[in-house]
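With these hints in hand, go ahead and build the complete structure from the sequences.
Numbering (the numbering used here) for the sequence shown: 192 to 359.
If you're looking for bench data, these hints aren't it; they were derived computationally from the structure. Do not take every clue at face value.
Claimed, not checked - Pair ranges (Cβ atoms, derived):
| hint | residue 1 | residue 2 | range |
| --- | --- | --- | --- |
| 1 | 200 | 335 | 23 to 31 angstroms |
| 2 | 299 | 224 | 24 to 32 angstroms |
| 3 | 270 | 326 | 14 to 22 angstroms |
| 4 | 217 | 299 | 22 to 30 angstroms |
| 5 | 285 | 327 | 15 to 23 angstroms |
Glycine residues also receive a C-beta, built at the ideal position from the N, C-alpha and C atoms.
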Amino acid sequence: MITDQLLGVLKVVLLLALYLFFARVLWAVWHEIRTPAVSRVAINKTGNNVGNTVGEAAAPIDRPHVSREHRVSVLRIISPAELKGTDVALGDADVLVGRGPDCTLRLAAETGASVRHARISNVDGYVTIEDLGSTNRTMVNGNVIDSPTRLRVGDRVYIGLVTLEARR
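Quick look at the structure:
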């Protein structure tokens with residue numbers, strides 16, 4: 192026989208568990224959508240500074256020698272699982288990414304990549320990525336790029352369902 196007091200205590204415990212569950216869900220959602228503000232400089236093909244991606248005019252900057260520890264030399268595919276671990280070596284030649292037969296990094300149609308999705312270039316020692324008008328856009332660290340964007344070690348590039356990480 193269950194008393195009314197025991198039922199009251201069970202109600203409170205269940206309600207508390209429900210509130211804790213919702214708090215955990217809200218925390219997880221907040222953690223996923225919160226991204227740090229990244230100052231990213233957009234540059235053109237000649238290496239000149241043309242402003243940052245948040246719309247402010249950027250001052251001209253000197254191009255110091257890129258240290259080895261900050262130089263991106265490899266893009267590693269980290270997802271999807273069937274491509275995970277594939278390295279794309281970056282040199283002086285442009286790397287064209289997409290589904291097309293002329294692409295250096297050819298991706299399958301089911302990855303969501305366009306025929307000519309993005310171009311990765313080496314400009315004055317800096318590796319840049321440029322979206323080529325793709326349908327699903329190109330993102331760096333979760334931000335859609337609209338102009339050539341410099342990549343740094345640790346940056347994540349999203350091309351359709353494919354995720355690449357910039358490495359030394």
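Hints, verified against the model:
no.	hint	in the structure
1	200 / 335: 23 to 31 angstroms	52 angstroms, violated
2	299 / 224: 24 to 32 angstroms	29 angstroms, holds
3	270 / 326: 14 to 22 angstroms	19 angstroms, holds
4	217 / 299: 22 to 30 angstroms	37 angstroms, violated
5	285 / 327: 15 to 23 angstroms	21 angstroms, holds
Taken one by one, the earlier hints fail for this structure at numbers 1 and 4, listed in ascending order.
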